[in-house]
Every structure is written in C-alpha cells, then in structure tokens.
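Start from the sequences and build out the full structure, keeping to the hints where you can.
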Amino acid sequence: MHPAPSTYAGMADVAAVLVLLTEFAMLRAPTLRAQVRLYAFQSLVVTVLAVFIAATQHIGELYVLALLSFVLKVLIVPGLVLRLLRNAEVDLAGSSVLGVASMILIAIGVSAFGFFAVGSLHVHSTALPPTALAIAAAVVLVAFVLIILRSDVVSQAIGFFSLENGVSVASLVVAAGLPLVVEVAFLFDLLVAVVVFGVIMRVHHGRTKTLSTTELDRLKG
Amino acid sequence: MSSIPVLLIAVPFAAAVATFFLPVRVSRVLTVVSGALVFGLSLVLIPAVTTHTAISTGSLLRVDALSVVFLIATTFLYAATAVFAGGYLNLAQSPAGTRYGRRFYAGLNLFCWSMVAAPLVNGLALLWVAVEITTVVSALLVAIDDTDGASEASWKYVLIASLGLGIALLATIIMYYAGTTVFGSAYDLSYAQMLAGAVRFPPDVVRLAFVLAVLGFGTKMGLVPVHTWLPDAHSEAPTPVSALLSGALLAISFYAILRYFQIAVRTLGPTFPRNVLLIFGLASLLLAALYLLVQRDLKRLLAYSSVEHMGILAIGMSFGAPIAIVGVLLHVLAHAAAKGTAFFGAGSVVRKFGTKDMTRIRGGITALPWSGPMLVAAVLALSAMPPFGIFRSEFLIVSGGLSDPRDTVTAVLVILVTVAFFGLSWFTTQTMLTPAILPGSPEGAGMVTPTKGEVSPWIVVSMALGLAALVILGVHPPAQLNQLLHHAASELGVPR
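The listed protein sequences derive, respectively, from chains A and B. If you count the first sequence from 1, position 52 lands on 51 in numbering that gives the first Met the number 0, and the numbers rise without skipping. If you count the second sequence from 1, position 385 lands on 384 in numbering that gives the first Met the number 0, and the numbers rise without skipping.
No incorrect hints appear here.
Listed below are the simulated DSSO-like cross-link pairs for lysine-lysine, each with C-alpha atoms no more than 30 Å apart in a straight line: (1) B:355 / A:208; (2) B:451 / B:355; (3) B:355 / A:219.
Rather than coming from a laboratory, the hints here were simulated on the basis of the structure.
Encoded structure:
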C-alpha cells in the first residue's frame, strides 16, 4: 500500500497534468488566437507552480523567477504573437496532415511512451514527486507532435514555447534549487528567441503573404 | 592571466556594439582588428593552460586546455572571416546598402562573441545559454539576405535548432538532478565540481542526460538524423556566415557534447558514451558521403562535407586510444581552417559567376587565377590530402582506431571518407579545372562565362591565411600546440 502523496507532491502533479492537458487542447485548437491563449494559460499554471514550490520549499529566489516568468510568458510572449496575428489578418490554423482525432490518438500514444520511459528510470528523491517529471517528459513529446503535424509558423513557434513550458515544469520539480542567475539566463534566452522567432515569422509573412509552411519546400537534397 | 578571459568576452561584444553605429568602412577594419586581437589572446592562453589545470575568473569564467582548443578554432575563423567579408560584401551606395552593412557587421561580431563565450563559461547551464545565443543570432544572419531561400532556410534553422536546444535544456536539468544526489538541492553546475562528484552520480540518470545532450547539441552540430537544417542554412546564408556556421558553430556544439562526455565517462565508464557517439557518427558519415555524390550546388556540397567531418569527429571520440582523441582535437582546428577557406573560395566563385549551380560553371581556375587554385587546394585539404592538417588528424584518428582495436569501424571510416573524397573532388575539379566552354558553341547554353580577374584581393588574402594554417598544422604543428592537444586529450580521457 502506497502512502498518500504529500500536498506538495499532489500539487506538483496536478500542475503537471494541467500543463499536459493544455498541450492536448492546443493540438485541437482550430484558431491561432485560441492557441496563443492556451499557451498563456499554460504559462500561468507553470507560474503558479513556481510560487507554490517557493512557498512550500522556502526557496525565496523562486518568487523572483515566478514574477519574471509571469511577465514574460503570460504577458509579453502571447502579446507579441497576438500583435503579429492582428497584422497578418489570418486566424485559422494551418490544416494539418492528419485530422484532429488521429492527432490526439498519436499524442496519447507518444505521451504514454514518454511517461512510462521516464517513469521506468526510478528517479527517487525525498523532496520531489517523480510522477511530475514523467508528465513533463510527456509534455515535451506532445509539443513535438504539435510542431510536426501543424503546418503554419505560429503553431510551430507556440509549440516550441510550450515545449519550453514542459522543460520548466521538469526544472521546477527536479531542479528547484538551480541558481537564480542561471534561471534568469534561461528566461532571457527565451525572450531573445521569441523576438527572433517574431522577426523571422514577419519576414516569412512579408515574402509569402501567408503564415503557412506548405510552400517552404524549395530547399531539399 | 586571469583577465584574458574577460578581455576575450569584452572585445567582440564591444566590436558588435561599435559596428552597429559606425560607418561600414570603419566596421570593416574594426572587425578585422577585433578578430585578430581575440585570436592573439587565445594563443597567449596556451602556455598557461598546459602548465596549470585551469584558469578561473570569478565563478562564471573558466578556461582549460579543452576550451582553448575550441577558442583557437573559433577566433582564427573569426579573424579570417573578417578579412574575407571585407572583400566579399558588395554594398550599394544607398541607405539600404548602409543599413545592410551595419546589421551584417553587428550581427557577425555578436555571433562571434557568443561563440567565443561558449568555451569560456564555467558550467553546463551557462554553456547552454551561450549555445542558444549563437542560434538566435545566427538565425538572423541566415535571414539577412531577404530572399525566398533565405527566409525558408532561417525558419527551418531557428525552429529545428531551438527544438534541439530544448532537448539539450532538458539534458541540463536532468544532469542537474543527477548532481543533487551528491551536492544537495542547491549548487551550480560548474565543471570542476561536476567532474569531482561524477563518480557518485546515479548512472541511469546520467545515461538519460548524456543521450539527450548528444541528441540536443547534436542537432546544432549537424549529426544525422537531426542535421536537416544544416545544408539549407549553409547554402542560403551570406558566405561569410556560412564559413562561420560550418567551421566554428558546429565545433562549439561538439564542445558542448564533449563536456557531457567528460562527466558521462566518469559515471558510466567509457563504453556507453563511446557507443552513443559511434552510432551518430557512423550515420552522419554514411549519409553525408552518399549525398556528396549527388550535389550540384557548390555551397550545399560544402555543407554535406561538414556533416561528414562532424561524423568523423564523433567516430574519433568513440575510439578509446588517446592518440585518436588528439586527432579529433586537431581535426577541429584543421576543419575550421579548411572549411573556412573552401567557403571563402565558394564565395569568390559565387560572386564571379553569379550562381552556385556547379553544372553552369566551367573554367573557374582561369576566371579566378588566385582563389580558383586555392579553392581546389582547400577541397583537397577537406578530402584529407597531405600536406594539409586534415590528413594528419585523420591519420591520427585512424591509427587510434587500429590500436584500440576497432578494425571494422576503422575500415568503414576509411571507405566512407574515400567515397566522400570522390564526390567532393569530382564536382569541384570539374567546375574549376575543365576549360571554359566558348559562348555561342552548342554546349555553352546556360553556361556563365565571366571576365578574367579576382573579385577582391581580400578574398585571396583570407584564403591564403587559411591554407597557411592548414599547411602548418599538416607539416609541422608547433610544439606548444601539440602539448595543448595532448593536455586537452588527457582531460577528455578516462580517469584512472
């Protein structure tokens, strides 16, 4: 008989599951705007998890991190992408190779693989809930499914940002003590990456007048 | 001595800021000065790191023999590319031309700054940050030409490389977790500490972190099957950027893998990390050798040659003999010089003939009396012909493989390198050495026949620099450099 999980472990697991479910919701979101809003919600969950861990584990630095991640991932990144969408006047997500149902089925299979593969590592520790790490691995893999199967630049970029959210969950549960300077450097990098993604998306839209990636097939061999 | 790492970081950054504001003709000179200065500073570090184990500046910067090898490769190419760019860029005397020049030089310096920073920082997390910065800066440089090809290549590059680095970030975090079992929940990922504690890390966790790191940083290094961005970005970027991507950026990603390798061999013993690198290396070498046989685009040909050489590096690391590891490190230096020179020559050809399509170019050696023959020499150097540096490094790797003994792998390595040699030299010699077809003759349809003469003397100078370095590395590497390579190889070896 397993002992009941502590509040801390339970909360971390709940947050990780919410992040994973949001990732699935992104897979079926029909419009790009909905996708961006789901990303903002997912980032909010990650921020709440950071605040919770900061409070229960008494790691003061995590409050700073939570604040930064709130400003960056809940406000700035979605704001920038939504502005790009307003200028592009496109909202329907690029049609994917597969239907929504098949996409979800593939994602379920892939996330189960990630969950059990990482779970089988038997990562043990007194403070951390190992389930959350396995779920974070599943989030990363579903983000890959999203990027591979969606054929427009915004979905692919959001897929990358949400992959980063999955890694954030992993880092919060297994590496909460990571020095602040490093965490801030990670976030700064994300900010730079967002700006660069934005610039290249604008270049792409300026040249092709679409956000779809189906025309990006000239270079091969 | 401990102020040199600070200078190495400060100089290219200052150059990047200054070139954004200064007129282009000043930037041109300033970039060369900055490149030459950091190259000189890296050379100054050689005696210090071969006598001491490492030089630390504060807790953030640390230099040892391994990092100096990669610093030298990067900064040499920085200096040579700065010279080349001065001759290659042909800016219109218009506001658009000036804007392009400013962006280009600021981006070039910033790109080199991030690549110089990567081997200098102390710790796996900061290393990841530096490599991520190289990605975002170079993605903008790939897109700078604003053509359909460039925008497609830059999108593929920024997306695929960022995803790879997402995996590498996961590797960093899992490696951090492996460390918490020894150091407690709060510590930094500095190299000395990680290496000291590595024997007590949980093996399963380190195994996962190492594979993820090879996959993640391998994406940027161009290992098959995660190399798909590489030929596109290399062929569509402005040629100075192609040279830096191929000669320096791929090496820096390899450096990141080596840092994980150092930890992994301490925790897991040598067999597992070597086998992982062997699989990726063989796949890269096989695929690249076959693609080299069918390329018609000059810059894509050189890009696939990079994949081939990255495969050789990975295979060389999978051999246990110390001599093979010395060969791998020498290969990093020689490949930087050879690939830089080859891309400079390709840039000269592209500017002269206005096309990268090798079926439309004939008589390159007549049209370009200096850079033409030097391009042929650089391609022969890439195919490991003596007296160039790659001959020596591949010789060391192969003899390491035979003494290991890993005879089968070594035989496969030699065969695939020979296949690659055929592809690489067949098309370039055809392009460069076959006499130009007279315009108006029936075979001449679609051919480009430009006038005779070099595009710019600076291109010739940059190529001569690269070839001189290759000959020095091949004929008689300086004793101090040899010492550095052996020292770095012992840092990478399995501790007894």
